[in-house]
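S.K.: Sequence:
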Amino acid sequence: MANLPLYRDPWAKLDAWRKSPVFQKTTVLRNLFPGFGIAVVAFTAYTIADNVYLSSHKKVEEKHH
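Residues in the sequence shown are numbered consecutively from 14, following this note's numbering.
Hints are supplied without guarantee of correctness; some may be wrong.
Ranges between beta-carbon positions, derived for each pair [claimed, not checked]: (1) Ile51 x Pro23: 42 to 48 angstroms; (2) Asn44 x Asn64: 41 to 47 angstroms; (3) Lys32 x Phe56: 33 to 39 angstroms; (4) His70 x Lys32: 39 to 45 angstroms; (5) Gly48 x Ala25: 53 to 59 angstroms.
Think of the hints as simulated: they come from the structure by calculation, not from any bench.
Only a predicted model underlies this, so the values are computations on that prediction, with no experimental measurement involved.
The C-beta atom is built at its ideal place from N, Cα and C for all residues, glycine as well.
Produce the entire structure from the sequences given, and follow the hints as far as they go.
M.R.: Spelled out as structure tokens, the structure:
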């Protein structure tokens, strides 16, 4: 019992979990949207490839009437 820390605040021991790195704001935000960064890169690559493909294969516009 001599090695136990002395808690001056009786609630400090109960609130210690809040200072855990698992519950930091950056960790929570990073885990809130898993795969978001990969999705942004994939969508950007798709959009660029689609625009390049469509610009190289332009159709001659036909008259509808």
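S.K.: Taking the earlier hints as the rules, which of them does this structure contradict?
M.R.: 2, 4 and 5
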